[in-house]
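Use the sequences and the hints to build the structure in full.
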Amino acid sequence: DTAVSQTPKYLVTQMGNDKSIKCEQNLGHDTMYWYKQDSKKFLKIMFSYNNKELIINETVPNRFSPKSPDKAHLNLHINSLELGDSAVYFCASSLNTAYNEQFFGPGTRLTVL
Amino acid sequence: QQQVKQSPQSLIVQKGGISIINCAYENTAFDYFPWYQQFPGKGPALLIAIRPDVSEKKEGRFTISFNKSAKQFSLHIMDSQPGDSATYFCAASNNAGNMLTFGGGTRLMVKP
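Chains as they are written, first to last, in our numbering: chain A, 1 to 113; chain L, 1 to 112.
Treat the hints as calculated values from the structure; they're not laboratory data.
Honestly, I wouldn't trust all of these hints.
Derived DEER-like restraints, expressed as beta-carbon distance ranges [stated by the list, open to error]:
id: 1; chain 1: L; residue 1: 20; chain 2: A; residue 2: 113; range: 20 to 30 Å
id: 2; chain 1: L; residue 1: 3; chain 2: A; residue 2: 39; range: 14 to 24 Å
id: 3; chain 1: L; residue 1: 45; chain 2: A; residue 2: 70; range: 39 to 49 Å
id: 4; chain 1: A; residue 1: 79; chain 2: L; residue 2: 70; range: 38 to 48 Å
In silico lysine-lysine, DSS-like type, Cα no more than 27 Å apart, as pairs [stated by the list, open to error]:
id: 5; chain 1: L; residue 1: 42; chain 2: A; residue 2: 9
id: 6; chain 1: A; residue 1: 40; chain 2: A; residue 2: 71
id: 7; chain 1: A; residue 1: 36; chain 2: L; residue 2: 111
Backbone N, C-alpha and C define an ideal beta-carbon position, used for all residues, glycine too.
Next up, the structure:
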């Protein structure tokens, strides 16, 4: 059973388009995250949700809008895609906001042409 | 400003050798220091983690050493194996939503 799943795995699109990435976890966790990993492998947190409430928003452009319809799902919608948005986006989850292991999904490789 | 600095960027070790990766942090509020392992095409996975109340933690071949006064911590992989070849990330967080700040990563290659 996949613990944290993301769809799609690959996303190729044109500049200016709007796209969404979906994430689901079946671990019963309260907290979910979105990370961006750039071409140099640098990992940076973008958002964190706890019980469907946004708790971390790390100065991400407002073209990025996360949505958590329930505790098991955290989707990422990106408007007006730019070349610099090309990266691998990882969803992760943890039991709660304390010092807990974060379980990462397999990633979505976004390429903006 | 990179709050967690990791070195080296890449490391080649012979099978059976010791791999050592170092990290330094600036924020004295950090009090949780995990290491994550990432294989190509996969998401990172927790390897081992330490809180600053201890100076060392060992799990199998993996050991974290922690120096609070120097604000440094390191990962030692004993008896390195080709299957350990991966990218390793140190990270740090404080009690603020479990938000992890990652180091830049170290690409480890273990030669047979």
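We went through each hint and held it up to the structure:
1. L:20 x A:113: 20 to 30 Å: violated (41 Å)
2. L:3 x A:39: 14 to 24 Å: Cβ of residue 3 of chain L to Cβ of residue 39 of chain A: about 21 Å, so the range 14 to 24 Å holds.
3. L:45 x A:70: 39 to 49 Å: violated (25 Å)
4. A:79 x L:70: 38 to 48 Å: holds (44 Å)
5. L:42 x A:9: holds (11 Å)
6. A:40 x A:71: violated (31 Å)
7. A:36 x L:111: This hinted pair is violated, its Cα atoms lying about 30 Å apart.
Checked against the numbered hints above, the structure violates hints 1, 3, 6 and 7; every other hint is satisfied.
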